[in-house]
Amino acid sequence: MQTTQSTEPFRVISGDGSVGNHQVALTDEQLVHCYRTMLTVRAFDDVCMKLQRSGRIGFSVPNKGVEACQVGAASALRQTDFFFPSYRDFGMALYHGVQPVEMMHNMFGNAKDSALGRQMPVHFSFVEPIKFFSISSPIGTHLPQAVGAARAFQMRGEDHVALVSFGDGGTSSLGFHSALNFAGVWKAPVIFLCQNNGWAISCPAEEQTASDGFAIKGQAYGVPGIKVDGNDVLAMHQAVSEAAERARRGEGPTLIEAVTYRMGGHSTSDDPSKYVPKEILDQWAEKDPVQRFQSFLKQKGLWSESLEADLTREATEGISAAAKEAEATGAPGLETIFSDVYAELPAHLRAQGEAAFDLARRKGSADAGDGAFPL
Amino acid sequence: MQTTQSTEPFRVISGDGSVGNHQVALTDEQLVHCYRTMLTVRAFDDVCMKLQRSGRIGFSVPNKGVEACQVGAASALRQTDFFFPSYRDFGMALYHGVQPVEMMHNMFGNAKDSALGRQMPVHFSFVEPIKFFSISSPIGTHLPQAVGAARAFQMRGEDHVALVSFGDGGTSSLGFHSALNFAGVWKAPVIFLCQNNGWAISCPAEEQTASDGFAIKGQAYGVPGIKVDGNDVLAMHQAVSEAAERARRGEGPTLIEAVTYRMGGHSTSDDPSKYVPKEILDQWAEKDPVQRFQSFLKQKGLWSESLEADLTREATEGISAAAKEAEATGAPGLETIFSDVYAELPAHLRAQGEAAFDLARRKGSADAGDGAFPL
Amino acid sequence: MPTLTLIQAVNDGLKVAMRQDESVLVFGEDVGPKGGVFLATEGLTAEFGKERCFDTPLSEDGIVGTAIGMAANGLRPVCEIQFQDFIFPAFDQIVSEAAKLRYRSGGQYTAPMVIRTPYGGGIRGGLYHSQSGEAYFTHTAGLKVVIPSTPYDAKGLLLASIADPDPVLFMEPKALYRHLKADVPEGHYTVDLSTLRQVREGDDVTVFCYGSMVPVVEKAANKAAEQGIHCQVVDLRTLLPLDEQGVLEAARKTGRVVVVHEAPRFCGYGAEISAIIAENIIEYMEAPIRRVTGFDTPFPNTLEHHYLPDERRVLDAIEEVAKY
Amino acid sequence: MPTLTLIQAVNDGLKVAMRQDESVLVFGEDVGPKGGVFLATEGLTAEFGKERCFDTPLSEDGIVGTAIGMAANGLRPVCEIQFQDFIFPAFDQIVSEAAKLRYRSGGQYTAPMVIRTPYGGGIRGGLYHSQSGEAYFTHTAGLKVVIPSTPYDAKGLLLASIADPDPVLFMEPKALYRHLKADVPEGHYTVDLSTLRQVREGDDVTVFCYGSMVPVVEKAANKAAEQGIHCQVVDLRTLLPLDEQGVLEAARKTGRVVVVHEAPRFCGYGAEISAIIAENIIEYMEAPIRRVTGFDTPFPNTLEHHYLPDERRVLDAIEEVAKY
Ligand SMILES: Cc1ncc(C[n+]2csc(CCOP(=O)(O)OP(=O)(O)O)c2C)c(N)n1
Ligand SMILES: Cc1ncc(C[n+]2csc(CCOP(=O)(O)OP(=O)(O)O)c2C)c(N)n1
Ligand SMILES: [Mg+2]
Ligand SMILES: [Mg+2]
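Residue numbers (our numbering), protein chains in the order written: chain A, 1 to 375; chain B, 1001 to 1375; chain C, 2001 to 2324; chain D, 3001 to 3324.
Check each hint, because a few of them may be wrong.
[Unchecked claim] No more than 30 Å apart at the CA atoms, straight line, and that leaves these computed lysine-lysine pairs for DSSO-like: (1) K3181(D) x K3015(D); (2) K3253(D) x K2323(C); (3) K1064(B) x K1300(B); (4) K187(A) x K1274(B); (5) K2323(C) x K1363(B); (6) K274(A) x K3050(D); (7) K3323(D) x K363(A); (8) K363(A) x K3219(D); (9) K1064(B) x K1278(B).
Hint data in this document are derived by calculation from the structure and do not stem from the laboratory.
My request is simple: use the sequences and hints to build the entire structure.
Right under this line is the structure:
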């Protein structure tokens, strides 16, 4: 079970799309849905990139290259499980039926955003149809939270699991250490999904840690670690399925290292050409997860030109329509600055809110400025 | 090199005191000095325990059972190395020539205490004859500090090392995670000495982590981990020597797990009978490190009744005299509350100090109360 | 009615909450079989089993971080930080996460939980077993900060905190743990958060205080009364959200204010009390607003009785303000 | 004399320090080849090599903790925390360790080091890329806290901080990074810590501010002047240790005070300014001491311009205080 950097990651789909002796656990419908979701992630990315470049939203994070991690993992879990995502995981939400327009409301930070425009773009929060925990910027804090949520399932005797996703950089965080340690001791039903995409902004994975890969870190906590090809939807599906089954059986947590590559910049504020070696980028371009999955679907006889055209159109039109709707939706009202700080509005916040409205009446409203995010 | 809980710890001295084929790297004089230091630690402990029970000092921590870890490790390092100790490590200072009276000044928190009575007892700080870094109560914070100090040696091209000592409980701290990780990446000349004494106050090592022992945790950071019999002075000496040589050669850090047992309570405020199983205590009593080392010295022909009597008297008298002197030394002056906050006294602290003196003149001095430490 | 010490009242409050609500659980370092280093959790593992009261590894980040996840998933965790001085590894989880979860998710996710921790001096604990760090937390919107000073309040405020839908930092004055016994009703009752306690009526000087300083201020007020200076003593007991109107009323009544806390003065909690008064009712003030606090230094050990505000220092300030 | 933006001045200051003193080194997340996410450290790795300017793993605890050890062992580390919002994992190292090392060792060990970090809003960074957390640190004895507001001060205060024998938290107003260019002398010079900067003279109202709020206050003061209200504007620039006498003198001069900061009001830094005045010279005050601050909420995103104190809000407070 234990794997190291030197070990080859677990893989199901070969470069040519064949799966050899591997069993495919997903139905045809599910397989197509995986593909649809990957294309939707790409479409969402493209549209957001354009929106950002034209100054209509402030920020986005590219997912090119890491689509299979999100989608393969999501396909292995149930809607009753609890997702603790990072900012590069919204494919998981899309897979389980969150509507693009709900995400777009967040990208525009408008009045219909579930977070009422309080968070930066890509910091989603959903409770339906899956519990997709409110994404936080500080790296690593959500790991112990996922362990706590898992322990709650355990205490109530429910067989749900928590999945928490984070990056190679995230393994250096404090939350990684306490979460893996507590989960190991508690045998909590949690899956730690480390997406090793090669970079933490400009810090390469080799400078992030001197360990022999990331899966091996589980040993420090008595948590089994496995290394998986993160560009392979079916390998991801199988690894997460097995981890989920272990967890549901009460056998505790698993650490999964998904080996993948961030093909774009860290975010719309980043210029990766300053630090990413072009040769390596080219190598990884050949391992594109969407291409690989397409080859597999072809071999399975599930792919056709018309399917591709339909799914692409569906995705692009869906996302564009979502963007249009979100952009047309107004900004949250001034009062949303003051609500949700506590369950009940305390007197001092009421007073501050009233003063803000009063000032706006007397002296006009504040200026929005341009405020582009530099990172 | 890599060892696990299931692996037997590295040992040199057998139960009967023989060393088989092992080379003994220490001179006879050094061996006797090790023994002297162990007896001095015991004498210090005994005297402090009595002082605490009779209310003359507020607090102490028992070292019974863990003397070999401290002394064996210290014997492997030079006076030019940098020690980052925990509160149960003053044997290292004694070994290198720190005088008991300097320690006693700290136990009484008097005017001659190097920390001017600001810290609790057993929180020593020395710069001569070794750099024995100021002990801090928060667990784990000194680990990254040791790595930083090691990096300074590295940058200046000096071949000194830093040794940082901490407990089984300390491995769960944030400092452990960041320190091991940074040290691994930097190949810093630092030795991580984890004294696994079975307990973190009342939490047994098995509930501290689910990993297969503590040495294995090095794997998460690319840091070699070894497991050593912590009740064996010579095994400790050898393990730390080898780690120091690696570090001096530029080959980076080592994690050493010293397997030992805390024979007393966590501190004078703790009642271990509430949670320590008597059978286990009895088993460990048979592995007493001082006895074991005595048996070895006997086999080597270095021990005699008269040596024992001399060393014991020397230790006991030395410590008692130190206690007497420290007790007779006055408390630090009121002004020491305000000094050393910054290199220079800022105006607001000058004003606060003056007001305190003024009030004492006008209304008398503050009451001392009894203030016994409950932990 | 049983008479209990403050720490017994805390222990009783935990038991009442756990008996009443299955989702309440208690964890932290040494809170299980040992019962906590101050015995606040004594007997809980025995009564409720180690599923509901248990020890954790030595990581405050882990303790608070997992508590947030439990709270977000239907439990009511009451975790303990052994000494407030050791809460800082959990600072990020408290300030960035627990306090901001409701806001950042538009109310979709919340963290109803309590973090209990003993704070303050008086036990010769030196730099790291004595601190009063309330001001590190009261600047954090989304958090509630509660400090009881009597056995009755300790239990009632604790039960209110456990029932509260928002995260509460519950700081217990360790100097008062065994200070005295007082009547504490059996079973369940609550003391509303964000309400002040009038400790003593008086028309000459208003003294604001909380936690361990309350008995010190009471003694000073008694001495002042002997000189004919009658103090109104107010125990703030919920520091955040504070009953600001109540503070203003109490201050306005006498026009002479002293604020007392153990923590260092600079940017301490007392500064906010002064500032609220200076911002809203400065025209009623007939004297400087005096603060009696710990010094702006780390917490010393041997000299802690000089560091801590005592009756002497409080009385001196009361006299000064009264005469002004 | 070259004209530089504030961030260029920081970059220049780092280079000057590193050229002058071999023991100065710079590290943090993405500060190496990328030059930092705001480019404050651009060109350092190229000029000084990756031994002296390098990236670290993603751990603020590790960054500050190792810096303390370096400082205690003869180096002069200048580390970067990418956003002040992400400093909290290092809170324990800063507050418990760096700030207390000199005290607890009787001066045997010290931590002369600088932690640089961008703070504040104005970039649509939402909850976690916008905070002004100065008050979390200014309550900590042993630490120095410095916030420049001009290119000249940024370089001069940074060089003074690097030379300082005590740990300095150097907070850079990211909203002003590229706000304007101004004259900055070449080579080495320092601006003394714990000194105030008189931004503007005036006899009617005194406005205290720092960092990103300085230009906002200047604009408001200009508008006020058009109405005949003349403001004395004071840039505090070293928040700890503060030049308290200087603050009192400036406040006494006009008897009308406004304090402005981005951070939330409750227990914010402004409270201390109010409290110092109310404690020492309340008899000179002719109006309430008004605070204009961020709201007592987390930092929003879409509505950040409503959250941040702007000219409008500052002017309103000035008018109110002037008329009182
Ligand atoms: C505690 C903390 N420190 C720094 C940052 C700034 N930051 C944002 S993303 C990032 C890199 C994360 O890398 P990784 O975990 O590998 O995730 P990836 O972006 O590659 O998916 C950094 C340093 C942060 N958000 N939180
Ligand atoms: C951050 C922090 N949390 C809690 C404590 C309280 N505490 C003091 S010692 C200790 C146990 C330490 O156990 P271990 O690391 O095994 O060292 P040992 O005492 O066994 O030598 C605890 C929990 C502390 N000092 N610091
Ligand atoms: Mg990454
Ligand atoms: Mg231990």
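Against the structure, the hints:
| no. | hint | verdict |
| --- | --- | --- |
| 1 | K3181(D) x K3015(D) | holds, 19 Å |
| 2 | K3253(D) x K2323(C) | holds, 26 Å |
| 3 | K1064(B) x K1300(B) | holds, 24 Å |
| 4 | K187(A) x K1274(B) | holds, 26 Å |
| 5 | K2323(C) x K1363(B) | holds, 17 Å |
| 6 | K274(A) x K3050(D) | holds, 16 Å |
| 7 | K3323(D) x K363(A) | holds, 17 Å |
| 8 | K363(A) x K3219(D) | holds, 16 Å |
| 9 | K1064(B) x K1278(B) | holds, 16 Å |
Hint compliance for this structure: every hint is met.
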